[in-house]
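Please construct the entire structure, taking both the sequences and the accompanying hints into account.
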Amino acid sequence: MIKQLKDFKIGPDNAFYGTGRRKESIARVWLVKDTNKQIVKAKDSGKEFDLREYLQRETLYRKVMFPLKLTGLEDKFGIYATVEGGGISGQAEAIMYGIAKALLKYDPELRQTLKKAGLLTRDAREKERKKYGLMKARKGYRWSKR
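Reading the sequence shown from the start, the letters are residues 3 to 148 in this note's numbering.
Careful, some of the hints might be misleading.
What the hints assert, rightly or not - Straight-line C-alpha distance at most 16 Å; calculated EDC-like pairs for lysine to aspartate or glutamate:
#	residue 1	residue 2
1	LYS35	ASP15
2	LYS39	GLU86
3	LYS25	ASP125
4	LYS65	GLU55
5	LYS43	GLU55
6	LYS11	ASP46
7	LYS129	GLU55
8	LYS35	GLU128
9	LYS45	GLU86
10	LYS35	GLU76
11	LYS78	GLU26
12	LYS71	ASP109
13	LYS78	ASP109
14	LYS25	GLU128
15	LYS25	GLU111
16	LYS138	GLU128
17	LYS65	ASP125
18	LYS71	GLU60
19	LYS25	ASP109
20	LYS141	GLU130
21	LYS78	ASP125
22	LYS49	GLU86
23	LYS65	GLU50
Keep in mind that the hints were calculated from the coordinates and are not lab data.
Here's what the structure looks like:
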């Protein structure tokens, strides 16, 4: 099944898929051969943005591109990602993790390199739930004797 997007043709022969999650964010990432466009589609607005423009901060952009830079495949793939939930920072890390997983589909021998850099370990830290009788997860109301 070939999926025609605005700038990409995504099919099993030219794209590699990976899912990334971080906090409340979920990113579905496709690495597309023979292009260097980087597009992010935000699920809540339904609009497509350039990756650098969407992330707003250079540090987040560098974090997203780290798996490609580490493996030396920066100019070989274009990125198409759909993101939902969470904030910009969580979405950036979800995209990064999705790229790392997609790179494994492209070449399983990259596993050693990605694993050593800590890119294949999901960051499991989540927001703690609110408990009854408290303001937030741990913050309580001020105690007064009378």
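Original post:
Okay, which hints does this one fail, numbers in order?
Top reply: 2, 6, 7, 8, 11, 15, 19, 21 and 23
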